[in-house]
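Student: These are the residues of each chain, in order.
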Amino acid sequence: MSLMTTKRTPKPVSTSRPLSPLAAELTRLLGPQKVLSSRAERLNYGYDAILVGKTPLCVVLPESTADVVAAVRAARAAGVPIVGRGAASGLSGGAAPLEESLVIAFTRMTRLEIFAAQREARAQAGVITLAISDAARPHGLVYPPDPASFRTSTIGGNLAENAGGPMCFKYGVTGDYVKALEFVDADGEVHHLTRGAFDLAGLLIGSEGTLGLITEATLRLSTPPRFTRTLMSHFAEVGQAAQAVSEAIAAGAVPSKLEFMDRACVGAVEDYLQIGLPREAEAVLLVDTDGEDLATVEEELALVEAACLHHGGKVRRAASDADSAALWRARRSISPSLGRIRPQRMNEDIVVPRSSLAEVVREIKALGEASGLRLVQFGHIGDGNLHPNILFDPRRESSEKVHELAHQVAQVAIRHGGVLSGEHGIGAMKRGFMAEAVDPVTISALWSVKHALDPQGRLNPGKILPDEIRSDEIRSDEISLDEISLDARP
Amino acid sequence: MNHDIPVGQLGAQGEIMAHAIDACVHCGFCLPACPTYALLGDEMDSPRGRIFLMKEVLEGELPLFDAAPHLDRCLGCMGCVTACPSGVPYGELITSFRGWSEPQRERSAFDKAKRAAILKILPAPKLFSVAARIGQYAKPLAPLLPSALRSPLDLLPEHVPAMQNLPRFTPAQGERRARVAFLEGCAQQALAPNFNAATLRVLAHNGVEVVIPGGQGCCGAAALHTGARGEALKLARANLKAFNPDDYDAILSNAGGCGAGLREYPEVLRGLPEEQAAQALSAKVMDISTFLAHLSEDGGLEPFEPTSRPLSVAYHDACHLAHAQGIRAQPRALLRLIPGVTVLEVPEGDLCCGSAGTYNLEQPDLASQLGARKAGNVLSTKPDLVASGNIGCHTQLQSHLRRQGSKVPVHHTIEILDLAYRGEL
Chain A
2 MSLMTTKRTP
12 KPVSTSRPLS
22 PLAAELTRLL
32 GPQKVLSSRA
42 ERLNYGYDAI
52 LVGKTPLCVV
62 LPESTADVVA
72 AVRAARAAGV
82 PIVGRGAASG
92 LSGGAAPLEE
102 SLVIAFTRMT
112 RLEIFAAQRE
122 ARAQAGVITL
132 AISDAARPHG
142 LVYPPDPASF
152 RTSTIGGNLA
162 ENAGGPMCFK
172 YGVTGDYVKA
182 LEFVDADGEV
192 HHLTRGAFDL
202 AGLLIGSEGT
212 LGLITEATLR
222 LSTPPRFTRT
232 LMSHFAEVGQ
242 AAQAVSEAIA
252 AGAVPSKLEF
262 MDRACVGAVE
272 DYLQIGLPRE
282 AEAVLLVDTD
292 GEDLATVEEE
302 LALVEAACLH
312 HGGKVRRAAS
322 DADSAALWRA
332 RRSISPSLGR
342 IRPQRMNEDI
352 VVPRSSLAEV
362 VREIKALGEA
372 SGLRLVQFGH
382 IGDGNLHPNI
392 LFDPRRESSE
402 KVHELAHQVA
412 QVAIRHGGVL
422 SGEHGIGAMK
432 RGFMAEAVDP
442 VTISALWSVK
452 HALDPQGRLN
462 PGKILPDEIR
472 SDEIRSDEIS
482 LDEISLDARP
Chain S
3 MNHDIPVGQL
13 GAQGEIMAHA
23 IDACVHCGFC
33 LPACPTYALL
43 GDEMDSPRGR
53 IFLMKEVLEG
63 ELPLFDAAPH
73 LDRCLGCMGC
83 VTACPSGVPY
93 GELITSFRGW
103 SEPQRERSAF
113 DKAKRAAILK
123 ILPAPKLFSV
133 AARIGQYAKP
143 LAPLLPSALR
153 SPLDLLPEHV
163 PAMQNLPRFT
173 PAQGERRARV
183 AFLEGCAQQA
193 LAPNFNAATL
203 RVLAHNGVEV
213 VIPGGQGCCG
223 AAALHTGARG
233 EALKLARANL
243 KAFNPDDYDA
253 ILSNAGGCGA
263 GLREYPEVLR
273 GLPEEQAAQA
283 LSAKVMDIST
293 FLAHLSEDGG
303 LEPFEPTSRP
313 LSVAYHDACH
323 LAHAQGIRAQ
333 PRALLRLIPG
343 VTVLEVPEGD
353 LCCGSAGTYN
363 LEQPDLASQL
373 GARKAGNVLS
383 TKPDLVASGN
393 IGCHTQLQSH
403 LRRQGSKVPV
413 HHTIEILDLA
423 YRGEL
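If you read the sequences in order, they're chains A and S.
Numbers in this note's numbering are just positions in the first sequence, counted from 1, shifted up by 1.
Numbers in this note's numbering are just positions in the second sequence, counted from 1, shifted up by 2.
Hints listed in this document are in silico derivations from the structure and should not be mistaken for laboratory results.
Possibly wrong hints are sitting among the right ones.
Claimed, not checked - Here are some of the chain S residues that sit facing chain A, going by a computed Cβ distance under 7 Å: (1) Val27; (2) Phe54; (3) Leu64.
Unchecked claim - Selected chain A positions facing chain S (Cβ under 7 Å, derived; list incomplete): (4) Pro279; (5) Ser338; (6) Arg341.
Cβ atoms here follow ideal geometry from the backbone N, Cα and C, with glycine treated the same way.
Build the full structure now, drawing on both the sequences and the hints.
Tutor: Right under this line is the structure:
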């Protein structure tokens with residue numbers, strides 16, 4: 002698999018002349034190879050992996066921070082909103098413009114340096130996530146965060162959404178590996194941030210391009226564990242799997258990955274890969290334990306195994322590294338495999354306390370069954386991060402019903418003391434639920450930050466924050482849940 | 003992906019296209035598998051971007067002219083099909099789309115003449131052989147020529163071998179284990195006649211009776227993949243007549259591209275009277291490596307002579323074996339049967355070498371960058387030999403390895419098996 006552009010290739014020049022004053026200005030500043038303005042080109046920059054938004058007015062493919070600065074200043078002068086974009090593999094609509102915008106796509110900013118002695122990587126925003134580990138491995142180092150799309154996704158996108166992945170149960174999410182950031186603000190000023198007080202880098206992480214555009218990051222690398230063991234267990238009922246998870250962790254196991262998928266997910270991914278997953282199971286757990294000491298790694302795996310057996314699970318240990326790799330590839334393929342069941346989906350990213358897991362998965366399953374829609378569940382169950390997905394065919398099933406079910410699922414999370422997003426970001430997809438999930442005082446504080454950094458509201462408008470309303474007016478039933486139509490016509 | 007394609011107006015090919023577009027969830031998992039995305043880094047030159055563009059064109063929202071440059075850059079390597087969890091049949095989509103859109107294309111006279119010449123010469127081995135010989139003498143003039151003419155010359159071997167006439171019937175040696183029909187292929191008869199000769203020897207040695215049916219011709223893949231659907235249909239129909247699947251245990255090809263081409267017949271002929279015949283033929287088609295791997299598992303192959311010294315063989319996955327037909331393990335397993343052979347994995351092995359049928363001739367710049375990248379990756383394994391299972395890859399690898407100053411021999415997998423039987427490795 003190719004993970005990065007190894008050398009500069011002569012880029013094809015946009016076929017037509019600039020089609021808007023902004024495109025003309027950007028072409029003058031940056032040259033025609035970095036600016037896309039024909040409709041065929043722009044059409045391809047209006048979507049991410051879940052949402053088809055508005056076709057942008059113009060697209061810039063910067064090759065340096067200076068290019069980003071020029072693009073931001075030109076857009077500001079023209080009064081055009083700016084949306085940052087990596088590989089557009091995100092699942093919250095974060096990179097899909099909701100207004101006619103300038104899209105700044107970072108896929109050509111791929112400079113990557115490894116500083117082995119400092120255990121650091123310096124990566125431009127367009128570096129592909131997995132490329133960091135690939136480059137670090139010869140030095141005996143890795144970059145642990147592993148979103149399922151890590152072959153596709155860019156580090157800039159991961160930072161913007163604060164992406165997680167199976168590894169984050171033990172090793173933390175993207176933001177935990179950031180030592181320093183470079184970002185371009187709404188005025189086109191370049192800032193260099195570190196993690197000292199105030200932790201302004203932390204403010205940018207997960208801000209989805211609404212506060213500034215991250216152009217480069219210095220990331221912490223770590224040594225890979227010497228030993229890893231993998232186990233798969235399957236259950237006749239979803240709640241049993243959740244109970245096994247709670248029991249294993251309570252017994253002291255700290256798996257590096259602890260993943261859950263229900264029957265429909267297993268079926269879809271087995272259709273793709275045909276590796277002999279147990280299609281008949283109602284729930285499957287996939288678990289890695291790892292560490293420096295083989296005895297401890299085995300002991301932790303044994304704790305998980307005992308908990309699974311105790312709750313009626315059947316257990317299979319991976320026989321080899323290849324076996325384990327195949328199982329994890331299956332796990333990474335779940336989300337897009339669901340396209341085999343229905344063409345469209347509304348995905349959630351809730352996080353609930355581990356103690357409520359069994360109840361939550363059962364409640365959500367029951368809601369799905371009662372709705373008459375297809376609802377499936379999978380996720381990073383070790384840290385309570387679940388991805389209930391509603392699968393539907395927009396030509397046959399009503400999007401109101403889909404939104405209603407999505408809302409009910411979100412309410413289950415909130416009722417159990419959970420939150421809406423663990424790793425995908427709020428983006429456009431879950432913005433409608435924010436007013437229920439976050440108290441008015443906090444929302445108003447978030448708006449203050451937004452106003453301070455982006456007074457004109459030009460950075461990725463319509464994302465994360467619900468419409469500003471005075472706190473005394475807030476009533477949850479006033480928030481419209483279908484502000485965005487899924488996969489809307491561009 | 004949501005769409006408003008007027009499927010009813012587009013017929014059977016429209017259904018194929020609409021089904022593929024339906025299945026895409028625009029997740030982007032295909033991006034890192036796409037050679038042009040790796041080179042160009044823009045969404046229009048990725049599979050996801052192309053699916054979106056085709057959708058817009060089919061809906062009538064985007065002029066074909068605007069989408070064409072990006073669609074033309076697609077190699078048709080199917081790397082994205084392997085990477086796609088939601089099961090988008092991208093190959094069927096781009097092939098149907100090219101067939102549907104070609105009659106609407108406005109091409110320059112030069113472009114038209116070039117395409118006509120390619121599609122005339124490529125499927126006609128005798129003509130190809132003559133052209134290749136002329137080209138061989140013109141090779142020294144290559145630097146003076148425009149790139150459209152230079153690229154085919156660059157690919158010619160230093161020495162174009164004489165064509166060999168193959169026997170219509172080759173009896174099995176010893177007890178007969180199977181009876182197969184064999185597709186000779188086109189370019190390889192002119193450029194690498196030993197592929198077929200070695201194939202017949204290895205099959206006969208293993209008790210397989212081989213028939214080369216008369217009336218067979220080019221599989222039509224080159225025509226089909228460049229949008230010349232009428233020509234492709236003609237060739238497919240000729241082969242349906244030539245190969246009666248009931249007469250053979252299998253219909254074998256030793257070129258990844260041609261085998262995949264035969265297996266595409268059911269889609270090509272969808273909704274036409276020959277659809278069922280196409281399915282019957284396609285079900286019997288097998289690559290030589292798959293067939294031999296079956297024999298190996300079911301009773302074993304004749305033992306190979308050990309090599310005279312330990313040999314490291316870099317195995318190159320041809321896209322139309324690995325991505326289009328899922329054939330990866332079989333050729334490797336066969337090579338490993340030879341005592342003394344170690345099989346090496348090529349970094350970025352999933353990425354096309356840039357040959358891709360007529361791509362070399364139509365997009366020489368991108369093809370050449372991919373060829374150089376592939377040669378570099380192959381050489382990084384420090385192989386004694388290079389093996390591949392497709393004539394296009396073979397010439398591309400040879401040409402780019404030589405350009406990088408390497409003399410490492412490039413063989414078809416079957417040639418290496420043949421050499422091992424002869425004790426010449």
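Student: With a cut-off of 7 Å, does the beta carbon of Phe54 of chain S approach a beta carbon of chain A closely enough for the hint to hold?
Tutor: holds, 6 Å
Student: With a cut-off of 7 Å on the beta carbons, see whether Pro279 of chain A makes it to chain S.
Tutor: violated, 19 Å
Student: Can the hint on Val27 of chain S be confirmed by a CB-to-CB distance to chain A that is less than 7 Å?
Tutor: At 4 Å from the nearest chain A Cβ, Val27 of chain S passes the 7 Å test, so the hint holds.
Student: Hey, does the Leu64 of chain S contact hint survive, CB to chain A under 7 Å?
Tutor: With Cβ-Cβ at 6 Å, under 7 Å, it holds.
Student: Going by Cβ atoms only, is Ser338 of chain A closer than 7 Å to chain S?
Tutor: holds, 4 Å
Student: Are Arg341 of chain A and chain S close enough, Cβ to Cβ, to be under 7 Å, as the hint says?
Tutor: holds, 5 Å
Violated hints amount to a single one, hint 4; each of the other numbered hints is respected by the structure.
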